[in-house]
Amino acid sequence: MLRRVVFGLALAGIALLAMLFTALNQQRFAIDVAFLEFEVTAGLALLITFAAGLLAGAVAASRWVAALLAERGRLRQALRLAETRLGAAASEVTDATASPAKTDAG
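With the sequence shown counted from 1, adding 521 to any position gets you this note's numbering.
Label-pair ranges, simulated between beta-carbon atoms:
(1) 616 x 580: 52 to 60 Å
(2) 548 x 579: 24 to 32 Å
(3) 558 x 524: 41 to 49 Å
(4) 575 x 609: 44 to 52 Å
(5) 557 x 602: 50 to 58 Å
(6) 613 x 527: 51 to 59 Å
(7) 554 x 596: 41 to 49 Å
(8) 528 x 589: 17 to 25 Å
(9) 601 x 567: 47 to 55 Å
(10) 533 x 576: 16 to 24 Å
(11) 573 x 611: 55 to 63 Å
(12) 559 x 586: 30 to 38 Å
(13) 596 x 557: 43 to 51 Å
If you're looking for bench data, these hints aren't it; they were derived computationally from the structure.
Here the structure is a predicted model, which is why all the values come from computation and not from measurement.
Glycine included, C-beta positions come from ideal geometry on N, C-alpha and C.
Produce the complete structure using the sequences and hints provided.
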């Protein structure tokens with residue numbers, strides 16, 4: 522519960538700082554992107570660039586996490602297979618020691 526409150530307060534603080542940053546940087550300039558040209562303030566342009574960087578970082582991190590989860594799945598499957606084989610080998614050893622070979626002492 523406390524983590525959510527702290528996270529919410531931190532998010533609100535970051536949003537407040539972003540609004541303050543945008544309000545203090547009112548210089549306007551033109552941006553030409555392929556077939557589109559528009560005018561934007563410096564603060565807004567920097568915030569948009571920052572958000573795009575965060576999004577790109579999140580995509581890269583999610584690919585890395587997906588690779589880790591896939592590796593974990595492969596390792597779990599290998600562990601199950603090894604445990605199955607070990608259990609089969611242990612039961613063979615137990616069966617062999619439980620029934621000793623009969624000898625003729627005649």
